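All chains should be built: construct the whole structure from the sequences, respecting the hints.
Chains as they are written, first to last, in this note's numbering: chain A, 1 to 317; chain B, 1001 to 1386.
Be aware that a few hints might be false.
Calculated Cβ distances over 12 Å to all of chain B for the following chain A residues [stated by the list, open to error]:
(1) 138
(2) 158
(3) 229
Here are a few chain A residues that face chain B, going by a calculated C-beta distance under 10 Å [as the list claims (entries may be wrong)]:
(4) 21
(5) 93
(6) 97
Keep in mind the hints are simulated off the structure, nothing from the lab. Because the structure is a prediction, the values reported are computed rather than measured. In this text, a Cβ means the ideal position worked out from N, Cα and C, and glycines have one as well.
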Amino acid sequence: MKKYLFKRFLLMFPTLLGVAVLIFVLIRIVPGDVVELRLAGDSSSVSEKVLAEERAKHGLDKPVWQQFATWVWGAMRLDFGKSMWTGAPISEEIKLRFALSLQLAIMATAVAVVIAIPLGVISALKQDTWIDYTVRIASIAGLATPSFWLGIVFILCLLIFFKWLPPMVYTPFWVNPWQNMLQLIWPALAVGYRYSAVATRMTRSAMLEVLREDYIRTARAKGLVEKLILSRHALKNALLPVVTVICLEFAFLLGGLVVTEQVFNLNGLGLLFVQAVAHRDYTLVQALVLIVAGFFIVVNFAMDILYAWLDPRIRFR
Amino acid sequence: MEAPDPYTVRFHLKWPESSLLLNLASPWNFIYRADVLAKDIHWYETHINGTGPFKFAEHVKGSHWVGKKNPDYWDKGKPYLDGYRALFISSSSAQVAAVRGERAHIQFRGFTPADRDNLVAALGPKITVQESPWDCVLMVAMHHEKKPFDDKRVRRALTLALDRYEASKNLSKIAIVKDVGGIQVPGTPWATPPEELEKLAGYSRDIAKSRAEAKRLLREAGVPDGFSFTFKNRGIPQPYEPVGIWLIDQWRQIGLNVKQEVVEASSYHPMLKRGDFEVAMDFACGFIVEPDLDLQRFVTSSDANYGKHKDTMIDDLFTKQARAIEANERRTLLRALEKRLLDEEVHVFYTLQWHRIVPHSAKVKGWTITPSHYLNNQLDTVWLTE
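Here you go:
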């Protein structure tokens, strides 16, 4: 088991390096550069001399390999440099937004898990009954409904029926839990519903498959209580693909909620990402991609550990 | 330039310049202490030093900033507010929701006509709407080094195809454009009177006659019916998208087949500078309506001469109007420049003037809309009712 985990841990580093190379090259292929956009982006006139000086200030006049080496060396020490657009340290730009995005991802995941696993299990157990049909309709509706659209509906309903709008400025949970929840519960519900739809369908189909397995029939034949069969033998085995879906969605939520963040005016990583790309803010884009990729890798690593716990056969491979 | 005493600065010019005082009043200019800047010329990039009605209190990146009343403000008794909070809201629907849900009292830049109507319908007397012509305009740039746009007959046909008066009625219902204007914002001191405007190519009220003339010019220039070209537009919904669609429809009516290519907003200006277009949307926004500021872009050597026209007569007229001392003389020169630019040579042409719409909470008093969103943001006269 330890060897397996160690191997998985070591694999994280070449993956991160690959991501670093890829994003460093890709962002430079896109037309336009941060200096030109910042100084002359809105049709103002700036001389080539000033542009060259500004490029030199950001080290953009150096050979590409040298820029890459400097950046990687900094990233290894968790120093991502300064934003080329605002001049502020990257850590400062990301800190507040990371807290908001992480909290939203956790809340949406919690909403999804609370809805998806019970509904998926019930739907499988009551296959082809009205309960199953209702759950399936609700989950298909969830898949077909973009979370940002649901967010707009939430906002309109709150405005029309309660003449109220969630707060527009983020208050950290530890500063004022009530204000924090008032702001984040709505996007968490909107995102969590779509997310739960995917997980519900996955739970249902995995449960249906497991319930037809020989070992379930054996458990029933030897007279085991149904509750135990379901929780210990069926659900635990059915959870493997569900865990994969939940973990991958969770990792995606960290930087992938651009439109939902706009709808609720959340100062999150998704919006920062889009702005950074629009500004060709190389250092910020590189740092964000690396952080999101790192988060994905860590979540995948956690998923591997969870797999090993759920399915003991994996531990001995 | 000299400073004879602490409160006087004297500029010595080589010639009279009409726009000097207005240029000095630009909101982009700021006055910082000389001794501070002498120590570090970049000090202003991270510090605030001023005499305004509010003091900087807090800035949370991507979220908001807060200003608090300056007790030492030079205009005693002002500002009326104890402070304010400015929210960063990038999505227009979230901006509308913020005003509707009373999370924000006002958004100073402007809303669309549809947003205005929705807010008025939802809030009734709780909302006040202020509107004004806006010192921003979308123009059409044609690359003079690319065929067939090197031919002024073709450029003239493109402007003749536009029914600006009908567009003013219809587009103003869905986009932030309204008035038909020439080289200056309608209603301002140097603007072209409507009866003179109608004499310019593309401004006639008889659109059937204009389009017949446009078709004749295209034929004469050897442009076949159904001729196809690409029109590049900036990837911003308002008002670029509706105005772009309108242009394509108007050109279709003189037998042109136009493909629109929408370019991401941040890449748009570099694309214009490279001259990587046949026909493209050009744009300008000013802080004040002043010919020197607005027309400098049409001078041959200007960085904003994206169509790369070469016209010494325009250059000469621009210089002369800038140095004119008499208002009438300047007006005559401006009309001559306008005729040359929009009618005789058609180096570029104007679409419709932007129209600024600010629906705000009726609690907000003491604020008056201006033709520029860069101005009147100091909030010193603003107060709130209960």
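Any of the earlier hints contradicted here, and which numbers? 2 and 4
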